[in-house]
Amino acid sequence: MKKRTIAWILCAVLCLALVGCGKTGGGEQTPQAENTAPAEQAPQEESAVPAEQTPQDEKQSVELPKQIEMIVPYSAGGGTDNAARVVADALSEQLGVKVIVTNQAGAASEIGDQAIAEAASDGSVIGVLGAPDPQYLVATKDTAFTMEDFRYLAVYNLSLPMLIGKADGFTTVEEIFDYGKEHPGEITIGVSGGGPKTEAAILMSCGEFEATVVDFGGSADVSTALLSGDIDLACLTPSYLSTLEPEGCVPLVYFSELKIDAYSDVPSLKEMGFDVNIAHNPVVVIPAGAPEEIVSRYQQALDAIGQDPAIKEAFEALNTTYYYMSGEELDSYMDGVDALITDMVERYSSVFQ
Amino acid sequence: MIAEVLKNLFSPEALLILAAGTVLGIVFGAVPGLTGTIGVSLLLPLSFSMSAEMGLLLLGGIYMGSMYGGSITAVLLNIPGAPEATFTAVEGFPMTLKGESQRALYHAALACVFGGLAGVLVLLFCTPLLVKVALAFGQPEMFLLGVAGLTVIGALAGGADIQKSFYAVGAGVLISCVGADFASNTDRFIFGMTDLKAGIELIAVVLGMFAISEMILNLGNKSGKITTVPQKKISRWAVFKEFLSYKFALLRATIIGILIGILPGVGGTTACFIAYGNAKTLSKAPERFGKGSPEGIIANESANNAVVGSCLVPLLSLGIPGSGTAAIMLGALTVHGMIPGPDLFTKHADVAYTFMFGMLGTVLIMGLFGLFGIKLFSKIASIDLEYIIPLTIVFSFLGAYANSNRMFDVVVALVFAVIAIVMKRNGFPVAPLVLGVVLGPLLEEKLRISMVLASAKRQNIFLFLLKRPLCVVLVVLVGLLLYFMMRTGKRPRKAED
Chain A
1 MKKRTIAWIL
11 CAVLCLALVG
21 CGKTGGGEQT
31 PQAENTAPAE
41 QAPQEESAVP
51 AEQTPQDEKQ
61 SVELPKQIEM
71 IVPYSAGGGT
81 DNAARVVADA
91 LSEQLGVKVI
101 VTNQAGAASE
111 IGDQAIAEAA
121 SDGSVIGVLG
131 APDPQYLVAT
141 KDTAFTMEDF
151 RYLAVYNLSL
161 PMLIGKADGF
171 TTVEEIFDYG
181 KEHPGEITIG
191 VSGGGPKTEA
201 AILMSCGEFE
211 ATVVDFGGSA
221 DVSTALLSGD
231 IDLACLTPSY
241 LSTLEPEGCV
251 PLVYFSELKI
261 DAYSDVPSLK
271 EMGFDVNIAH
281 NPVVVIPAGA
291 PEEIVSRYQQ
301 ALDAIGQDPA
311 IKEAFEALNT
321 TYYYMSGEEL
331 DSYMDGVDAL
341 ITDMVERYSS
351 VFQ
Chain B
354 MIAEVLKNLF
364 SPEALLILAA
374 GTVLGIVFGA
384 VPGLTGTIGV
394 SLLLPLSFSM
404 SAEMGLLLLG
414 GIYMGSMYGG
424 SITAVLLNIP
434 GAPEATFTAV
444 EGFPMTLKGE
454 SQRALYHAAL
464 ACVFGGLAGV
474 LVLLFCTPLL
484 VKVALAFGQP
494 EMFLLGVAGL
504 TVIGALAGGA
514 DIQKSFYAVG
524 AGVLISCVGA
534 DFASNTDRFI
544 FGMTDLKAGI
554 ELIAVVLGMF
564 AISEMILNLG
574 NKSGKITTVP
584 QKKISRWAVF
594 KEFLSYKFAL
604 LRATIIGILI
614 GILPGVGGTT
624 ACFIAYGNAK
634 TLSKAPERFG
644 KGSPEGIIAN
654 ESANNAVVGS
664 CLVPLLSLGI
674 PGSGTAAIML
684 GALTVHGMIP
694 GPDLFTKHAD
704 VAYTFMFGML
714 GTVLIMGLFG
724 LFGIKLFSKI
734 ASIDLEYIIP
744 LTIVFSFLGA
754 YANSNRMFDV
764 VVALVFAVIA
774 IVMKRNGFPV
784 APLVLGVVLG
794 PLLEEKLRIS
804 MVLASAKRQN
814 IFLFLLKRPL
824 CVVLVVLVGL
834 LLYFMMRTGK
844 RPRKAED
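Protein sequence lines, in the order shown, are assigned to chains A and B.
Going by the working numbering, the first residue of the first sequence is number 1, and it counts up by one from there.
Going by the working numbering, the first residue of the second sequence is number 354, and it counts up by one from there.
No wet-lab data here; the hints were simulated from the structure.
Since this is a predicted model, take the numbers as computed values, not measurements.
Ideal Cβ placement from N, Cα and C applies to all residues, glycine included.
Now the stretches of chain B that chain A is said to cover, found in silico as 3 or more residues with beta-carbon under 8 Å:
1) 396 to 407
2) 549 to 558
3) 664 to 672
4) 690 to 699
Here are the simulated lysine to aspartate or glutamate pairs, DMTMM-like style, with alpha carbons at most 20 Å apart:
5) B:K485 x A:E245
6) B:K485 x A:D168
7) A:K141 x B:D534
Chain A side only, calculated, beta carbon under 10 Å to chain B, not exhaustive:
8) E110
9) G190
10) G229
11) L241
Assemble the whole structure, with the sequences as input and the hints as a guide.
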């Protein structure tokens, strides 16, 4: 009898623990703050007090929740997740509150994107979208959210998409255009996700030719397929070049205006006379409808993070290009990407089906 | 450089981290539902605060340890701690019921050490060659490898009707189709439920079908124990001699683990299933499989741990992760500013080699912990069911939840527990369904990509496959495996006759 009672108590405690886990979010709670807490919490608290006392801004008086959830619509360890963790740590320090990263991956980010869009707009939840994936989802399927459901706050880093080929294959974009026109559908371009699909469509649009776009489950698979010779070209970011170049692959063209120093001699489509500028970038967002005071409190903190050289170094260590954007510049850039994706989806519906 | 690596490895900090990581991994592997992937994912932020080599050693230890840990509860409670340990449960638990849990656990530990060592040694010494082998496998070859994997159905059927196995595997493949399609992102079979867009999680299926269903079936067990048979003591040396008598099965399974580990996206569970199927097909005593065959445990566990080292081959050399856990470790490398590829071995050679040699240390610690802790572990089998049942069910729920942190997956696990009970009561084997869920995505993705590639070449898919020499070899292999499958499938019937 006694044993049974102990068993039931044990069971009830474990059930309560499980329910407790469930209440905090419903996403993969990688204990960002928990793990870093012993090391960082003390200085955070120290810095939080004087920050609130200094009348830098009257909006400092706005009450933020004691804990902020940062939803990342991708698994732990990926590019967006890595960027989100850098921002979460810095934001914890700036705001003096715990920022917990929760990963809600699945369905090409749709699950997490929707969770951010539907979250409470009281400032307790922010998110990091992996643009242009949500724009692609909105343009191609009947999602429960639109881009109007998010308010863009900041971008810190860009992954600059490129077209990569094999050294023994096409060596210039012009060659691709010429061959593609003569042999419609023969060139194979490997892509994974909405951004690269859009880039493949942009390439076909610029060169006025038809290629076969091959969808893969992940960028690593695209990289493998290029190396094993299954595809002719791949839409990838430069982070793959460190392993692809030694195996005989070459970058051919940028889809973005910006370039990275190591590959500054590679042309961009913009330089070739095409009005194209698209990058892959984690965007810090807050659900639309959040009170202005809260938004401005976040914006102030995120702007301060954007000026911190240590943050720049942290992003560069992630092998991405540091580029801080906020306010009108960010809105206008995101609108431009929206328009580009919508146009490509309309013109190349077969690629996106 | 060697002096630097040795200094790093034998520092008290490194030894402590290695030991802690490995032991933590064993615990993650042993607790139903808590897999190595979850362990690595949870400890990832902590590793960021360490130096690169220490962070990687911690994660590597967890990864290696978890692969062994899964076998403990599989053998003692019939609950695979992770999907990879499914067949360790199938073979190990009947041994526990016969009072031979120590024998089963020693075999599992020895196989883990052998497979783990082999995987890390090929990582250290054969990386350039294995990279070439991995790149020879294009999309069509991967598809055929998936088909080869399906042919183990016969072996998985146990004593059940092979027709029922086919139904089960078909259902598994269909279940794997639930959710947003990988290419067009079209939602399939979601019936208006947002949670289903992310698909059905494999871990929820495994926990539901093996752990929860097993516990439900044990409700009302009058003895109040998993087994009333006393667990026999056996010497390590006696088991070691028996272990060596299965040397060919061990070698085959290890090679299968290494080869599958280097192929991106195929994964450790597939390696274990194929290795087990292969062991049963080529065994001198296939009739002992499913009733407590050490050969089955050895095949499963050696393949499982061989994957750990070999899946790091494409990760470190090409930046291509060979498994889900390796994908998270790629994140850890990136955060520490280390980009996989040739530069890793020139610019960060000390870190890379400390990590690779450190993995040998994880195997050693895992082996010591395994071989000397078995007497303690085997006591689990004598714990009263009134403790085991609630603990297992709660941990299974926790495991289902923790993978993606969705309560929905807990519901999925419960639903699959009910499905498993209905299947078992009607003579349908459960393992082929899990095989279908594991192989379904691989088969679908690779077949669809192969068809697109064939259409770009204006060829039909059959011609396209037959024009690739490696594909032809694989087609012949699939044919042979089918022949063996039919033969294996007929055997139990003959026995029954």
